[in-house]
Amino acid sequence: MSNKKTVYKIITDIVVAVGTALLLSAKATGETLHEWIGVAVLAVVLTHLLLSFDWFAAAARRFFQKQSFRVRVNWILSVALFIAMTAAFYSGLVISKVLMPALGIELAGGISWKSIHTIASDFTLYLVGLHLAVNWKWVVKHILGPFRRQPRQVAENHATALPIRQAR
Amino acid sequence: MKSTFKTIGRILLILAVAVIIIAGLSALTSSTADVSAIQPPAFDPSMAGDMPAPPDHHEEGASALGLLELAKNIGVIGLIVTIYWFGQKWTGQMRRRRGFAS
Chain H
1 MSNKKTVYKI
11 ITDIVVAVGT
21 ALLLSAKATG
31 ETLHEWIGVA
41 VLAVVLTHLL
51 LSFDWFAAAA
61 RRFFQKQSFR
71 VRVNWILSVA
81 LFIAMTAAFY
91 SGLVISKVLM
101 PALGIELAGG
111 ISWKSIHTIA
121 SDFTLYLVGL
131 HLAVNWKWVV
141 KHILGPFRRQ
151 PRQVAENHAT
161 ALPIRQAR
Chain P
169 MKSTFKTIGR
179 ILLILAVAVI
189 IIAGLSALTS
199 STADVSAIQP
209 PAFDPSMAGD
219 MPAPPDHHEE
229 GASALGLLEL
239 AKNIGVIGLI
249 VTIYWFGQKW
259 TGQMRRRRGF
269 AS
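Taken in order, these protein sequences are the chains called H and P. The first sequence begins at 1 in my numbering and counts up by one. The second sequence begins at 169 in my numbering and counts up by one.
Calculated directly from the structure, the hints in this document are not laboratory data. Quick reminder that beta carbons are idealized off the backbone N, C-alpha and C, glycines included. Don't take each hint at face value.
Examples of chain H residues lying across from chain P (beta carbon under 10 Å, computed) [stated by the list, open to error]: (1) Phe-53; (2) Ala-57; (3) Ser-91; (4) Gly-110.
In the DSS-like style, the derived pairs of lysine-lysine whose C-alpha atoms are separated by at most 25 Å in a straight line are [as the list claims (entries may be wrong)]: (5) H:Lys-9 <-> H:Lys-141; (6) H:Lys-5 <-> P:Lys-170; (7) H:Lys-137 <-> P:Lys-257; (8) H:Lys-4 <-> P:Lys-170; (9) H:Lys-114 <-> H:Lys-4; (10) H:Lys-137 <-> H:Lys-9; (11) H:Lys-27 <-> H:Lys-114; (12) H:Lys-4 <-> P:Lys-174; (13) H:Lys-114 <-> H:Lys-97; (14) H:Lys-137 <-> H:Lys-5; (15) P:Lys-170 <-> H:Lys-141; (16) P:Lys-240 <-> H:Lys-137; (17) P:Lys-174 <-> H:Lys-9; (18) H:Lys-141 <-> H:Lys-5; (19) P:Lys-174 <-> H:Lys-5; (20) P:Lys-170 <-> H:Lys-66; (21) H:Lys-137 <-> H:Lys-4; (22) H:Lys-137 <-> H:Lys-66; (23) H:Lys-114 <-> P:Lys-240; (24) H:Lys-27 <-> H:Lys-97; (25) H:Lys-27 <-> P:Lys-240; (26) P:Lys-257 <-> H:Lys-141.
Only some residues are given here: those of chain H computed to face chain P with a beta carbon under 8 Å [claimed, not checked]: (27) Val-16; (28) Ala-21; (29) Leu-24; (30) His-48; (31) Leu-49; (32) Leu-50; (33) Ser-52; (34) Ala-87; (35) Tyr-90; (36) Trp-113; (37) Gly-129.
With the hints as extra help, turn the sequences into a complete structure.
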């Protein structure tokens with residue numbers, strides 16, 4: 001994977017994570033902001049999917065061949081997350097009270113679409129947690145990695161601490 | 169140029185799958201709408217009296233309850249990640265122990 005692609009992936013992953021956390025807390029943002037964040041996150045999720053497309057296609061091709069259990073679970077989770085997110089985004093647009101009327105589009109959203117939105121959002125929350133857990137090594141390496149203390153830094157700290165001990 | 173077409177093709181593929189999911193959901197809601205159209209009785213405003221209006225769960229602006237919901241959601245995600253990692257650590261230890269035993 002090229003460095004540029006990794007940087008894009010890191011940025012989209014952070015935006016998707018923060019955006020999803022905000023989207024799942026509609027009471028915290030208010031309805032208008034909730035709907036606008038939804039549209040923004042939808043665009044970023046599409047970018048995330050495009051950036052992960054190669055992995056997804058390769059895992060799908062090798063699904064029934066010799067492959068680790070973790071990759072299979074990750075692939076199934078990704079599919080489930082895509083279904084849950086699609087359901088949440090579309091039902092959100094159907095029951096929209098601000099965004100769609102502002103665009104002049106009137107959709108007949110009923111109780112059933114509201115129920116779908118609630119159920120899909122709940123599933124999205126759990127699936128995002130699992131998706132993050134399965135890919136935690138990647139997150140630690142690329143996103144949290146730069147913030148972690150490097151072994152070299154630790155060695156340097158030891159080196160600076162040594163003369164103080166010797167002076168005592 | 170080739171990569172642009174590739175990206176457009178992939179976007180179309182993602183959208184096509186999304187449309188299939190949406191079509192399934194639409195079929196589901198239309199079938200449930202048929203059932204719900206029979207079940208609930210007609211609402212009579214005279215029967216309601218001075219009943220207070222149901223609370224709007226999506227009021228404008230951030231509230232303490234909203235921040236609590238945000239904290240809960242982040243907590244749920246954190247809990248899932250923690251359980252997964254402890255589970256994986258535990259299964260790894262069990263496998264190692266079995267390896268030593270055999």
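Structure-based check of each hint:
1. Phe-53: holds, 5 Å
2. Ala-57: Because about 9 Å separates Ala-57 (chain H) from the closest Cβ in chain P, which is inside the 10 Å limit, the hint holds.
3. Ser-91: holds, 7 Å
4. Gly-110: Result: holds, 7 Å to nearest chain P Cβ.
5. H:Lys-9 <-> H:Lys-141: holds, 13 Å
6. H:Lys-5 <-> P:Lys-170: Cα-Cα ~18 Å, so holds.
7. H:Lys-137 <-> P:Lys-257: holds, 13 Å
8. H:Lys-4 <-> P:Lys-170: Given pair Lys-4 (chain H), Lys-170 (chain P) holds - Cα atoms ~19 Å apart, limit 25 Å.
9. H:Lys-114 <-> H:Lys-4: violated, 40 Å
10. H:Lys-137 <-> H:Lys-9: Satisfied, since the Cα-Cα distance of roughly 14 Å is no more than 25 Å.
11. H:Lys-27 <-> H:Lys-114: Judged against 25 Å, a Cα distance of about 15 Å means the pair holds.
12. H:Lys-4 <-> P:Lys-174: holds, 18 Å
13. H:Lys-114 <-> H:Lys-97: holds, 12 Å
14. H:Lys-137 <-> H:Lys-5: Holds, at about 18 Å.
15. P:Lys-170 <-> H:Lys-141: Judged against 25 Å, a Cα distance of about 32 Å means the pair is violated.
16. P:Lys-240 <-> H:Lys-137: holds, 24 Å
17. P:Lys-174 <-> H:Lys-9: holds, 18 Å
18. H:Lys-141 <-> H:Lys-5: It holds: about 15 Å lies between the C-alpha atoms, which stays within 25 Å.
19. P:Lys-174 <-> H:Lys-5: Holds, at about 16 Å.
20. P:Lys-170 <-> H:Lys-66: violated, 32 Å
21. H:Lys-137 <-> H:Lys-4: Given pair Lys-137 (chain H), Lys-4 (chain H) holds - Cα atoms ~20 Å apart, limit 25 Å.
22. H:Lys-137 <-> H:Lys-66: Holds, because 22 Å separates the two Cα atoms, which is no more than 25 Å.
23. H:Lys-114 <-> P:Lys-240: It holds: about 21 Å lies between the C-alpha atoms, which stays within 25 Å.
24. H:Lys-27 <-> H:Lys-97: Roughly 15 Å between the alpha carbons, so the hint for Lys-27 (chain H) and Lys-97 (chain H) holds.
25. H:Lys-27 <-> P:Lys-240: This hinted pair holds, its Cα atoms lying about 12 Å apart.
26. P:Lys-257 <-> H:Lys-141: holds, 18 Å
27. Val-16: violated, 12 Å
28. Ala-21: Nearest chain P Cβ about 6 Å off; hint holds.
29. Leu-24: Because about 5 Å separates Leu-24 (chain H) from the closest Cβ in chain P, which is inside the 8 Å limit, the hint holds.
30. His-48: Hint on His-48 (chain H): violated, closest Cβ of chain P at ~11 Å, above 8 Å.
31. Leu-49: Since chain P brings a Cβ to about 6 Å from Leu-49 (chain H), closer than 8 Å, the hint holds.
32. Leu-50: Holds. Min distance 6 Å.
33. Ser-52: violated, 11 Å
34. Ala-87: holds, 6 Å
35. Tyr-90: Hint on Tyr-90 (chain H): holds, closest Cβ of chain P at ~5 Å, below 8 Å.
36. Trp-113: holds, 6 Å
37. Gly-129: holds, 3 Å
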